[in-house]
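Going down the list, the sequences are from chains A and B. When we follow the working numbering, the leftmost residue of the first sequence carries the number 1, and every step to the right adds one. When we follow the working numbering, the leftmost residue of the second sequence carries the number 1, and every step to the right adds one.
Some hints could be false.
[Stated by the list, open to error] Simulated crosslink set (SDA-like; lysine to any residue; CA at most 25 Å straight-line): (1) B:Lys200 - B:Thr258; (2) B:Lys200 - A:Phe281; (3) B:Lys200 - A:Pro176; (4) B:Lys200 - A:Gly261; (5) A:Lys200 - A:Pro280; (6) A:Lys200 - B:Phe281; (7) B:Lys24 - B:Pro176; (8) A:Lys200 - A:His93; (9) A:Lys200 - B:Ser279; (10) B:Lys24 - B:Ser101; (11) A:Lys24 - A:Ala296; (12) B:Lys24 - B:Ala278; (13) B:Lys24 - B:Leu208; (14) B:Lys200 - A:Ser279; (15) B:Lys200 - A:Ala278; (16) A:Lys200 - A:Gly184; (17) A:Lys200 - B:Arg41; (18) B:Lys200 - A:Pro280; (19) A:Lys200 - B:Pro280; (20) A:Lys200 - B:Pro176; (21) A:Lys200 - B:Ala278; (22) B:Lys24 - B:Leu132; (23) B:Lys211 - B:Arg263; (24) B:Lys211 - B:Arg41.
[Claimed, not checked] So, partial list: chain A residues that the calculated Cβ filter (under 8 Å) puts toward chain B: (25) Gly98; (26) Gly167; (27) His171; (28) Cys183; (29) Ala241; (30) Val243; (31) Leu244; (32) Asp247; (33) Val248; (34) Ala278; (35) Leu285.
To be clear, the hints were calculated from the coordinates, so they are not data collected in a lab. Here the structure is a predicted model, which means the values were calculated and not measured. Backbone N, C-alpha and C define an ideal beta-carbon position, used for all residues, glycine too.
Letter by letter, the chains look like this.
Number of protein chains: 2
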Amino acid sequence: MTNISLADPSGRPIRVGLDVGGTKIDAVAVDASGRIIGRLRRPTGWGDDAVVESIVLAVAALADENSFAISEVGSVGVGIPGLVDAGAGRVDHAVNLGVESLDLAARSEEVLGVQFRVENDVKAAALGAAALNGVAGSMAYLNLGTGVAAGIVIDGQIWRGSRGTAGEVGHLSVDPRGRLCGCGQHGCIETFCGGGALTKAWGRPGALPIKDLFDAADAGDPLALSLRNDLYHGAAAAVRALVLSADVETVVIGGGLTALGERLENGVRAALRAGAEASPFMRSLRLDERIELLPAGSPAAAFGAALVGASITEKEIVSHG
Amino acid sequence: MTNISLADPSGRPIRVGLDVGGTKIDAVAVDASGRIIGRLRRPTGWGDDAVVESIVLAVAALADENSFAISEVGSVGVGIPGLVDAGAGRVDHAVNLGVESLDLAARSEEVLGVQFRVENDVKAAALGAAALNGVAGSMAYLNLGTGVAAGIVIDGQIWRGSRGTAGEVGHLSVDPRGRLCGCGQHGCIETFCGGGALTKAWGRPGALPIKDLFDAADAGDPLALSLRNDLYHGAAAAVRALVLSADVETVVIGGGLTALGERLENGVRAALRAGAEASPFMRSLRLDERIELLPAGSPAAAFGAALVGASITEKEIVSHG
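Required output: the full structure, derived from the provided sequences and hints.
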């Protein structure tokens, strides 16, 4: 399933993985064979102290609910949005969590006495998606959530690139006359298929604005039809950018918008086919056959975080005492 | 300079590299220390037999002019446009050479009795540019010629991706209302900064249409100004696509359009700066500082082909007898 060993040289059999989102933490406990033996969701705190506390409480609750001791936990991996320095275990600019700069690993380790490892949430999810979907070779994980970003996994390893911007296709502009992006450019892929940008462009209140938008499109609403088309078009552009630059074999789509299920999958496939219709070169790439959708509620992100934690080397464990 | 050894286990000290273009072959001879000891250009033939003949004659002329014997040549590497099967030494769909499918390595080896290795011309040039420019880590070589394509080199190795489309950013669309591309899509990066597309859009006869276009832009011609701006804009889009997906550290620009020299370099830098002006995220990437231009007439492509040839392993040499 994965080429990252979950065996722990310190003899602690449980790996914990946390996907820390803007509103909730998704936590899984994984045994040495790679099986998920427990899972729970808890709210995320706001600001440095509350984020650390909610992470610590999530690990404790997971242990309690699944009858294992913290002393049996070999590592905790945390996937978190923002700019992550994996080596230092620090996260910067996690604006959705009210965090400017936080020594997350050190502070959490201090409380729980367990090794922590921190990774960008999309990169961790990419690793988890590759493992859960059994993707060998090269894969991009395209996260369609509030924002849009991708992580690239090659032969079971996160592809880091030179400065950590690998897979940042959300901020490639594909239309100079497109909507203004939060990043300051116009027509970024994220303005077409990011949940935040679409919600803003839709502009009608509702608990599930993108679902409302899809329902309105089904009912023939012109704005909804246009925005739904933008979503398909933007996701297809992201897939093309990932294949025509990094040349990944497969693109796995995840993130909050996968709650749309088949409506999303079929729409993106159709957009890829339509975009290739006039181009023998693009047709030859068969992109519509190279995408997969994660099931809504997939534990890929938290599972990937557990894999990140499990990748702590023996040397690091020794050097940390 | 490069981590590919030029030492030859068979004891033949000379490596030859050929960059086979639509009109001419650029050939270099390289000694075991990686120094270019000879270089010449010859016309390329049209069609299978003539292409093989022009390649064989280029090697023979290079030996003759530089006073070495064919028996001293350890390998010949050939960079050639088209779909290359490097393992089989075959090239398909080299339309500019009148070649549909040619067993180039086998046919050339038969005549000269020297090991041949074949590689896509842009990938070979990428390897040569990385070596000649002393780029360690990750680099993309963006070829601005008649068409537009990039090759990616990571730690001195050509990055192949899963299906050979790594770096094919020329056919990413960045404007849905853009010009029709030869590939069938609209607004491809190649329609903005490919020499062929610009020459067609310029539409005025001349031996050096892009130079004419630049001179006309300097003189205030509105169409020329608009097309020159397209060139800068397209090249900047290609740089962004390479960094925001594969996250290469450096983009080296080569190809025929580098004859424009500083006018090209300054324009692309300015377009990168202008594109980042409104975006703190893009500004933080400092893309304008991460591009380099190959000097016009650089032997990078032929030198890279020599490196490709030199990468023939001892095992292959034995298995080929």
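Results of checking the hints against the structure:
{"no.": "1", "hint": "B:Lys200 - B:Thr258", "verdict": "holds (19 Å)"}
{"no.": "2", "hint": "B:Lys200 - A:Phe281", "verdict": "holds (21 Å)"}
{"no.": "3", "hint": "B:Lys200 - A:Pro176", "verdict": "holds (22 Å)"}
{"no.": "4", "hint": "B:Lys200 - A:Gly261", "verdict": "violated (45 Å)"}
{"no.": "5", "hint": "A:Lys200 - A:Pro280", "verdict": "violated (37 Å)"}
{"no.": "6", "hint": "A:Lys200 - B:Phe281", "verdict": "holds (21 Å)"}
{"no.": "7", "hint": "B:Lys24 - B:Pro176", "verdict": "violated (36 Å)"}
{"no.": "8", "hint": "A:Lys200 - A:His93", "verdict": "holds (23 Å)"}
{"no.": "9", "hint": "A:Lys200 - B:Ser279", "verdict": "holds (19 Å)"}
{"no.": "10", "hint": "B:Lys24 - B:Ser101", "verdict": "holds (20 Å)"}
{"no.": "11", "hint": "A:Lys24 - A:Ala296", "verdict": "holds (15 Å)"}
{"no.": "12", "hint": "B:Lys24 - B:Ala278", "verdict": "violated (44 Å)"}
{"no.": "13", "hint": "B:Lys24 - B:Leu208", "verdict": "holds (16 Å)"}
{"no.": "14", "hint": "B:Lys200 - A:Ser279", "verdict": "holds (19 Å)"}
{"no.": "15", "hint": "B:Lys200 - A:Ala278", "verdict": "holds (20 Å)"}
{"no.": "16", "hint": "A:Lys200 - A:Gly184", "verdict": "holds (16 Å)"}
{"no.": "17", "hint": "A:Lys200 - B:Arg41", "verdict": "violated (59 Å)"}
{"no.": "18", "hint": "B:Lys200 - A:Pro280", "verdict": "holds (21 Å)"}
{"no.": "19", "hint": "A:Lys200 - B:Pro280", "verdict": "holds (21 Å)"}
{"no.": "20", "hint": "A:Lys200 - B:Pro176", "verdict": "holds (23 Å)"}
{"no.": "21", "hint": "A:Lys200 - B:Ala278", "verdict": "holds (20 Å)"}
{"no.": "22", "hint": "B:Lys24 - B:Leu132", "verdict": "holds (22 Å)"}
{"no.": "23", "hint": "B:Lys211 - B:Arg263", "verdict": "holds (10 Å)"}
{"no.": "24", "hint": "B:Lys211 - B:Arg41", "verdict": "holds (22 Å)"}
{"no.": "25", "hint": "Gly98", "verdict": "violated (19 Å)"}
{"no.": "26", "hint": "Gly167", "verdict": "holds (7 Å)"}
{"no.": "27", "hint": "His171", "verdict": "holds (6 Å)"}
{"no.": "28", "hint": "Cys183", "verdict": "holds (5 Å)"}
{"no.": "29", "hint": "Ala241", "verdict": "holds (6 Å)"}
{"no.": "30", "hint": "Val243", "verdict": "holds (6 Å)"}
{"no.": "31", "hint": "Leu244", "verdict": "holds (5 Å)"}
{"no.": "32", "hint": "Asp247", "verdict": "holds (2 Å)"}
{"no.": "33", "hint": "Val248", "verdict": "holds (6 Å)"}
{"no.": "34", "hint": "Ala278", "verdict": "holds (4 Å)"}
{"no.": "35", "hint": "Leu285", "verdict": "holds (7 Å)"}
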